[in-house]
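Student: Go by the hints and put chain B onto chain A.
There are 2 protein chains.
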Amino acid sequence: MDERFETLAGLAVHGANVQPGQLVGVSASLGQEELARAVASAAYRRGAKFVDVLYFDPFVKRARIEHADLDSLDYVPDWLKARLLALAEASAARISLGGVVSPEALEGLDGARLGRDQLPWLKEAMQVLNDRSTNWTIVPCPTHDWAELVFPDLDPEEAYERLWSELWHVLRLDEPDPAVAWDARIELLKTSSEALNDRRFDAIELKGEGTELTLGLLPTSHWQAGDFVTRFGVRHLPNLPTEEVFTAPDPLRADGHVTSTKPLVLKDGTIVRGLTVRFEGGKAVEIDADEGAEALRAKLELDEGATRLGELALVDRQGRIGKLGTVFYDTLLDENAASHIALGAAYAFSAAEEERDRLNVSGLHIDFMIGSDELEVTGLTPEGERIPVLRGGDWQI
Amino acid sequence: MDERFETLAGLAVHGANVQPGQLVGVSASLGQEELARAVASAAYRRGAKFVDVLYFDPFVKRARIEHADLDSLDYVPDWLKARLLALAEASAARISLGGVVSPEALEGLDGARLGRDQLPWLKEAMQVLNDRSTNWTIVPCPTHDWAELVFPDLDPEEAYERLWSELWHVLRLDEPDPAVAWDARIELLKTSSEALNDRRFDAIELKGEGTELTLGLLPTSHWQAGDFVTRFGVRHLPNLPTEEVFTAPDPLRADGHVTSTKPLVLKDGTIVRGLTVRFEGGKAVEIDADEGAEALRAKLELDEGATRLGELALVDRQGRIGKLGTVFYDTLLDENAASHIALGAAYAFSAAEEERDRLNVSGLHIDFMIGSDELEVTGLTPEGERIPVLRGGDWQI
Numbered sequence: 001m002d003e004r005f006e007t008l009a010g011l012a013v014h015g016a017n018v019q020p021g022q023l024v025g026v027s028a029s030l031g032q033e034e035l036a037r038a039v040a041s042a043a044y045r046r047g048a049k050f051v052d053v054l055y056f057d058p059f060v061k062r063a064r065i066e067h068a069d070l071d072s073l074d075y076v077p078d079w080l081k082a083r084l085l086a087l088a089e090a091s092a093a094r095i096s097l098g099g100v101v102s103p104e105a106l107e108g109l110d111g112a113r114l115g116r117d118q119l120p121w122l123k124e125a126m127q128v129l130n131d132r133s134t135n136w137t138i139v140p141c142p143t144h145d146w147a148e149l150v151f152p153d154l155d156p157e158e159a160y161e162r163l164w165s166e167l168w169h170v171l172r173l174d175e176p177d178p179a180v181a182w183d184a185r186i187e188l189l190k191t192s193s194e195a196l197n198d199r200r201f202d203a204i205e206l207k208g209e210g211t212e213l214t215l216g217l218l219p220t221s222h223w224q225a226g227d228f229v230t231r232f233g234v235r236h237l238p239n240l241p242t243e244e245v246f247t248a249p250d251p252l253r254a255d256g257h258v259t260s261t262k263p264l265v266l267k268d269g270t271i272v273r274g275l276t277v278r279f280e281g282g283k284a285v286e287i288d289a290d291e292g293a294e295a296l297r298a299k300l301e302l303d304e305g306a307t308r309l310g311e312l313a314l315v316d317r318q319g320r321i322g323k324l325g326t327v328f329y330d331t332l333l334d335e336n337a338a339s340h341i342a343l344g345a346a347y348a349f350s351a352a353e354e355e356r357d358r359l360n361v362s363g364l365h366i367d368f369m370i371g372s373d374e375l376e377v378t379g380l381t382p383e384g385e386r387i388p389v390l391r392g393g394d395w396q397i
Numbered sequence: 398m399d400e401r402f403e404t405l406a407g408l409a410v411h412g413a414n415v416q417p418g419q420l421v422g423v424s425a426s427l428g429q430e431e432l433a434r435a436v437a438s439a440a441y442r443r444g445a446k447f448v449d450v451l452y453f454d455p456f457v458k459r460a461r462i463e464h465a466d467l468d469s470l471d472y473v474p475d476w477l478k479a480r481l482l483a484l485a486e487a488s489a490a491r492i493s494l495g496g497v498v499s500p501e502a503l504e505g506l507d508g509a510r511l512g513r514d515q516l517p518w519l520k521e522a523m524q525v526l527n528d529r530s531t532n533w534t535i536v537p538c539p540t541h542d543w544a545e546l547v548f549p550d551l552d553p554e555e556a557y558e559r560l561w562s563e564l565w566h567v568l569r570l571d572e573p574d575p576a577v578a579w580d581a582r583i584e585l586l587k588t589s590s591e592a593l594n595d596r597r598f599d600a601i602e603l604k605g606e607g608t609e610l611t612l613g614l615l616p617t618s619h620w621q622a623g624d625f626v627t628r629f630g631v632r633h634l635p636n637l638p639t640e641e642v643f644t645a646p647d648p649l650r651a652d653g654h655v656t657s658t659k660p661l662v663l664k665d666g667t668i669v670r671g672l673t674v675r676f677e678g679g680k681a682v683e684i685d686a687d688e689g690a691e692a693l694r695a696k697l698e699l700d701e702g703a704t705r706l707g708e709l710a711l712v713d714r715q716g717r718i719g720k721l722g723t724v725f726y727d728t729l730l731d732e733n734a735a736s737h738i739a740l741g742a743a744y745a746f747s748a749a750e751e752e753r754d755r756l757n758v759s760g761l762h763i764d765f766m767i768g769s770d771e772l773e774v775t776g777l778t779p780e781g782e783r784i785p786v787l788r789g790g791d792w793q794i
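Chains as they are written, first to last, in our numbering: chain A, 1 to 397; chain B, 398 to 794.
Chain A with its partners taken away, still in its complex shape (with noise of 0.2 angstroms):
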């Protein structure tokens, strides 16, 4: 066993916070084995009662997708989300593996097939996620496949290693001990999620090269940072690497043009290059790219939330990810690589539970990131007031 999993299950751990006498449901895909065991023996050595990991094999997807009959496309079988409720009802610890596995599984496959089925994804797990029953995270799992996707020029084992020194770096288990430099970062992100909160800004105004926005923000509009708290109070970091300060903007008030400063790649894989896009009180009225921006306005049509704005993300110049300049086809990692905003549904908990309701709804939620060393984020207070966020990549709050 190569012990760089060992390393990694530990943080894994630490980052949902294992209890003793929980159970554990872990979420991998077939590809990802070596981590999946030592995720669960790191956790039944933190003293957890049961550990459950749920394999997905996107494969079997495939067959699916090709010979089953289309109306059943959308069946999702009862014992999944069995599963899922059970572990929010147990106030169990969740832990899901991140990454890319197996990109050639669905390749090739009819996109209106393929869109039908959203396994292993579960409508259901929205709802625990807004419920804060369980304490979870997700980590990127290395593997061979993942890294020829992303390092197509090098030899396999070259980019296998190089993609493991990446995630090493941008995990910060290069660090002495990586857990008190994830403390660190997380206490600096949440001053920051605390004093944009506490500013209760009007708007944020971004501007960069190709963007000038002003977003309206809803009166409770809630930053946060790094680490989430269940109901039952355990602390968890719910996305590691994390470098986001984020909420959710009111969504009927977006104005100004956008230039995204990273590919954007959608689920099914297709890349978008060059993306600009133009809002009108609070709605995506001009979406252009130099790659790809058919097969993005094709996804938007889903609903009208679709083409409103679901989150605001704000990533400073010490995140890790940004300065690789090495796209992971893993929203993930790609989003914690420079602010980002997100078109399709917020979050529940962004807003106070009176405001939620104003909140943007829609069936899907696509982060595209606008940001760099040089944007301008700027608060802007209901008196007019004008108070510089960031500055050179760094907080000025």
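If you are wondering where the hints come from, they were derived from the structure by calculation, not from laboratory data.
Everything numeric in this text was worked out from a predicted model, so none of it was measured.
Just to be clear, a hint being listed does not mean it is correct.
Said to hold, decoys possible - Stretch-level coverage of chain B by chain A, calculated; a stretch enters the list once three of its residues show a Cβ under 8 angstroms from a Cβ in chain A:
| # | segment |
| --- | --- |
| 1 | 430-438 |
| 2 | 442-455 |
| 3 | 463-470 |
| 4 | 479-493 |
Claimed, not checked - Derived DSS-like pairs: lysine-lysine, alpha-carbon spacing no greater than 27 angstroms straight-line:
| # | chain 1 | residue 1 | chain 2 | residue 2 |
| --- | --- | --- | --- | --- |
| 5 | B | K604 | A | K81 |
| 6 | A | K61 | A | K123 |
| 7 | B | K587 | B | K680 |
| 8 | A | K61 | B | K478 |
| 9 | A | K61 | B | K458 |
| 10 | B | K478 | A | K123 |
| 11 | B | K680 | B | K664 |
| 12 | A | K267 | A | K81 |
| 13 | A | K299 | A | K61 |
| 14 | B | K520 | B | K458 |
| 15 | A | K283 | A | K299 |
| 16 | B | K664 | B | K520 |
| 17 | A | K323 | A | K207 |
| 18 | B | K664 | B | K696 |
| 19 | A | K81 | B | K478 |
| 20 | A | K81 | B | K520 |
| 21 | B | K458 | B | K664 |
| 22 | A | K207 | A | K283 |
We treat Cβ as the ideally placed atom computed from N, Cα and C, and that holds for glycine.
Tutor: Only chain B this time, still in chain A's reference frame:
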């Protein structure tokens, strides 16, 4: 993809008799992905609504046995039971992949701790089986691990090819149409089981080298072979390859002694060779062996029923497994090598409803081979008449 897996998958969905619109539960272990995927594909091509492949990871089990709290080792999560019961409720098809996977995964673990963790086995499986609510089958899946266990003296690749070729033969995949070959084979076994049922023998006498045993039958002891029918009328072949005609004896009437004709492999890997057992009034009163007797005796201390018989199975010389002389270390294959008896639990469907409470009850079921072509099997009528059943390995009735 090795095309042999597709052929084997074709036999599996034929054996389970997957119906259009059915849910299909597939149970596999990690290491059996190729066959699991081929089975999923074949099931979808037969019109399955959804194929749920559940992968079991013996290395995650190892982590549990090594590190979890002793008192938690008998915990079984509700969602695993829920899955099985939902499949039964939906009258689903079930396909399990057999054979041996990663025998090293559980090596060297504490037997007492290991014995408390029943997974992946579920108690509810017996209930679902006795309910006859699902059409199901088990087929062996060749793996490199298994091949090296069975043929330790061969080069790994040769061992793998040898395992494939022996399984190919015993699965009758070398016949022009395996489905037709199985129909013919099962027809013969059924003719024999029906003749045995018609005869209503009071007892069966087994006579061969080192074996002289008279086994009483219950008035409704029911002989069965090869195929089952669900209570909704779906015929299926539960175990491929199958070569046996079996029933449950009267647990209070077994007298004489037997000598095993093949090594017995216990679930924890212990091998019992040269086993002899003496029965008095249905009870095993003396257990000896050239090797492994103590491990077997320890197991039989589990409960009162463990030392009485739950099954008598007859295998004729047309069975293909015994002739190979191979020990597969897999009960479902090895038990089809020769006539055998089983200490422990009887299957509920082996007697009429009104006599089920006379069947043997136990927490274990251990088959061991006492048959050979030389074994003389004779039926004793209530009137004391002696009717030949098997002579020289051929059916006489």
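Student: Taking each numbered hint in turn, which are not upheld by the structure, reported in ascending numerical order?
Tutor: 5 and 7
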